[in-house]
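Student: Here is how the chains run, residue by residue.
2 protein chains.
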Amino acid sequence: MQPLRIGLLGIGTVGGGTVKLLQNNADEITRRLGRELIITRAASRNIERTREICGHNTLISDDIFDVVNAPDVDVVVELIGGTTVAKDAVVQSIKNGKHIVTANKKLLAEYGNEIFQQAAVHNVMVMYEAAVAGGIPIIKALREGLAANHIESIAGIINGTSNFILSEMRANGSTFTDALKQAQILGYAEADPTFDIEGHDAGHKLSIISALAFGTPINFSQCYLEGISHLESLDICYAEELGYRIKLLGITRKTPEGIELRVHPTLIPESRLLAKVEGVMNAVSVQADMIGQTLYYGAGAGAGPTASAVMADIIDVTRLQNAEASYRVPYLAFQSNSLQNISILPMDEITSSYYLRVSACDEPGVLGEIANILAAENISIEALIQKGIINKESAEIVILTHSTKERLIKQSIARIQALPRVLSPVTMIRMESLHPR
Amino acid sequence: MQPLRIGLLGIGTVGGGTVKLLQNNADEITRRLGRELIITRAASRNIERTREICGHNTLISDDIFDVVNAPDVDVVVELIGGTTVAKDAVVQSIKNGKHIVTANKKLLAEYGNEIFQQAAVHNVMVMYEAAVAGGIPIIKALREGLAANHIESIAGIINGTSNFILSEMRANGSTFTDALKQAQILGYAEADPTFDIEGHDAGHKLSIISALAFGTPINFSQCYLEGISHLESLDICYAEELGYRIKLLGITRKTPEGIELRVHPTLIPESRLLAKVEGVMNAVSVQADMIGQTLYYGAGAGAGPTASAVMADIIDVTRLQNAEASYRVPYLAFQSNSLQNISILPMDEITSSYYLRVSACDEPGVLGEIANILAAENISIEALIQKGIINKESAEIVILTHSTKERLIKQSIARIQALPRVLSPVTMIRMESLHPR
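Protein chains in written order, with the working numbering: chain Y, 3 to 439; chain A, 3 to 439.
With the rest of the complex left out, here is chain Y (with noise of 0.2 angstroms):
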């Protein structure tokens, strides 16, 4: 068989990487696949650094589209990041006829169904499943593994930094600000964080597997984004105590009204796997008709992870490039012409469990007080614990609540503020058991 060409956009850590593990594992690739990978050519702004990674073998050039537009390029995988030089070189390539392998979420996230609608009228393959948890096969299992289940829901620690964070919070007891910049310190967070701890990039990610769950397009601009950045010390410490730990979680369901997509923290059981993932590990949980929970644990970045995913694309292409575009695995999962547009619920009606945590006067009658309000609104109650009397005259109070739509939950703590005795505003964080429901 001819070996695979191909053209390599970007040499960062990822690009450096795939070029490193196909140096590195040439044997093991060529024992499993039975045909020689090469890297006939490759673009980056650097070329001399580009040259010392590659070798004499590969074309180097500073120019993006002497890649893209070379004839002896069968699959341009682009690893350059972000949605303007990216965008460009990938269309182009679906324009080439060229196959596309990409690790970039943004791209996707942003502009997934547009590159899918020229991939589908050129007949070429788009690659993606290291955009999304990095060295975990989940997209393959999406797409593949799981292909006969009504999927019903996505749980996942998809962005390794927060969890980091929210890790080093609950072990050492830091604060939000201290755990960042010891995430710093080890590289795992940039020096502008924003991205990963303000949920952005694990919105990308999750809009990625919703569309492929469900079979709709790719819905990120209605993904509910909600960071780590305001979370308190204290809060994750009530949660241990109760017997919960708080996640940075992607979660994406079906239900008969909608889809619900949302990024937030989230207090889940201490005896749920997903409690256990500690560090810039990243796992997801899904929960389908007929395989019940299933669970996928790896790391979400790093260059051998990224470039090992990136790689197993590469090969998949090699595998379905000369089968009939109908044969091959569709792009988000089910063929174009039956995605269906289920509409995302907006976060006022979501169902979720909380834990609200309210400073009052330590005073008879408060309680009463805010759990008649909770009844109010049929909200039952599943753990109520008065904490931490911050001086004589206050005290906290930490509620779990059963699930609920978060319309009522918001009316009530609205009503809670502003009950004379309540001294600031309640802190709410959404709380799954993960069991199915």
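In case anyone wonders, no lab produced these hints; they're calculated from the structure. Treat the hints loosely; a few may be bogus.
Same chains, same names: a pair is fine if it fits in one copy or spans any two.
List of simulated lysine to aspartate or glutamate pairs, EDC-like, C-alpha gap at most 20 angstroms [claimed, not checked]:
1. K108 - E351
2. K256 - E30
3. K108 - E30
4. K407 - E379
5. K89 - E54
6. K89 - E154
7. K278 - E242
8. K22 - D291
9. K278 - E326
10. K389 - D68
11. K183 - E259
12. K256 - D29
13. K97 - D76
14. K22 - E154
15. K278 - E30
16. K412 - E30
17. K389 - D237
Assemble chain A onto chain Y, guided by the hints.
Tutor: Frame of chain Y, contents of chain A only:
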């Protein structure tokens, strides 16, 4: 596209579940696959029941060869089990040019090499996701998702019955006998449970995934099998006090000297995800060079999860059916001509840590004698505690060692048992940190 025509052999729990899955989820499957799947024929001893389950569009027979030799069958789904009729049916189907989907781990563990060879000659696929860990897409992960890695080791909880019994013993302090009875009452253990509790079932599965991981033929006959029926609650308690759980693990590891291939009860640190896998659930942890550690968790058995895996395989067959054989995923992940005959290490040559429990006279000097015996073999001690004074004159000593060759620990145990003040045979359980070595 033409519908894919399925011939079903065996309408027991899994067979019935497969028919039901196709009836219930046909919509979702067709949305994904863009093609219909129909069961044209089914064979089972109970014709009445089969007709009731399959309906009138399927031709029913009590002769499996009516399916195996039928012209209107593209894929034969073997859900009979065992190695007699099932083997004949699979081999004849292959000769008839039909693709095979099977859940039969025993058949593959014992005759897989021969079956794959036949299949290659006749240019058909043999798929077996359902044979290992039911609903967990671990075969797909190993054959495709991790294809760019040198896989280093695998450790898995791959027998739900044993894991349920061990979970019961730990949670309720039950004896093995009582926990087994409980498993039988709940339908998790057979009337004759030997196959599950003595490690045969886990050994079948482990042999298959070991071959897939390292690119060797299947070596079930050389797999070390040790079950859980001799485990005492006492050791589960002591392990827990020391921060460990005991699980029946299938472990396979590639070393420069050969491959370790072994099923036995194993102490693992309670912080590991595998330690948290409770009840009948399964989980497989894979260590590979690029990706690091990944873990896959889900139901290991049951009609739904197994049928889900069977159907995923059927869907894969439709995708690669028209691809040239050389483009398909190889039977054992590696091209047949790249399989290597790497020898399986005898148990004396494996490397492990060990838990030892010694009953001895409670007199000064005994501990020293034991420590000296271990030191003489260069076995270092991680922890040593004196426990449970049985009466005034004897005590139990529990020792955790660092890793060493099994030969050396066996020699040491023989010498410890020969000490005049040691009162009964030493209990030895292997221990794994599950950290990369």
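Student: Please go over all the hints and tell whether each is borne out by the structure.
Tutor: Right, here's what the structure says about each hint:
Proximity of K108 and E351 under a CA criterion of 20 angstroms is satisfied in neither setting, with 27 angstroms inside one chain copy and 50 angstroms between copies. Within a single copy, K256 and E30 get their C-alpha atoms only as close as 41 angstroms, which misses the 20 angstroms cut-off; across copies the closest is 14 angstroms, which meets it. In this homomeric assembly, K108 and E30 never come within 20 angstroms of each other (Cα to Cα): the closest approach is 32 angstroms inside a single copy and 28 angstroms across copies. Within a single copy, K407 and E379 get their C-alpha atoms as close as 10 angstroms, which meets the 20 angstroms cut-off; across copies the closest is 65 angstroms, which misses it.
Taking the closest pair of Cα atoms, K89 and E54 never come within 20 angstroms of each other, the shortest separation being 27 angstroms inside a single copy and 54 angstroms across copies. With identical chains, the CA atoms of K89 and E154 are never at most 20 angstroms apart, being 32 angstroms at best within one copy and 37 angstroms at best between copies. Taking the shortest alpha-carbon separations for K278 and E242, both the intra-copy value of 13 angstroms and the inter-copy value of 18 angstroms come in at or below 20 angstroms. Only between protomers do K22 and D291 lie at most 20 angstroms apart by alpha-carbon distance; the minimum there is 12 angstroms, versus 41 angstroms within a single protomer.
Taking CA atoms no more than 20 angstroms apart as the test, K278 paired with E326 passes in neither setting, with 43 angstroms inside one copy and 44 angstroms between copies. Within a single copy, K389 and D68 get their C-alpha atoms no closer than 65 angstroms, and across copies no closer than 72 angstroms, so neither meets the 20 angstroms cut-off. Proximity of K183 to E259 under the C-alpha cut-off of 20 angstroms is found in neither arrangement, the shortest distances being 42 angstroms within a copy and 45 angstroms between copies. In this assembly of identical chains, the alpha carbons of K256 and D29 lie at most 20 angstroms apart only when taken from different copies (16 angstroms versus 44 angstroms within one copy).
Taking the closest pair of Cα atoms, K97 and D76 come within 20 angstroms of each other only inside a single copy of the chain (13 angstroms); across copies the shortest separation is 36 angstroms, beyond that limit. For the homomeric pair K22 and E154, the shortest alpha-carbon distance between copies (18 angstroms) is at most 20 angstroms, but the shortest distance inside one copy (39 angstroms) is not. In this assembly of identical chains, K278 and E30 lie within 20 angstroms of each other by CA distance neither inside one copy nor across copies; the values are 33 angstroms within and 33 angstroms between. Taking identical chains as interchangeable, the C-alpha atoms of K412 and E30 are never at most 20 angstroms apart, the minima being 56 angstroms within one chain and 36 angstroms between chains.
Taking the shortest alpha-carbon separations for K389 and D237, only the intra-copy value of 11 angstroms comes in at or below 20 angstroms, while the best inter-copy value is 40 angstroms.
When the structure is compared with the earlier hints, violations turn up for hints 1, 3, 5, 6, 9, 10, 11, 15, 16 and for no others.
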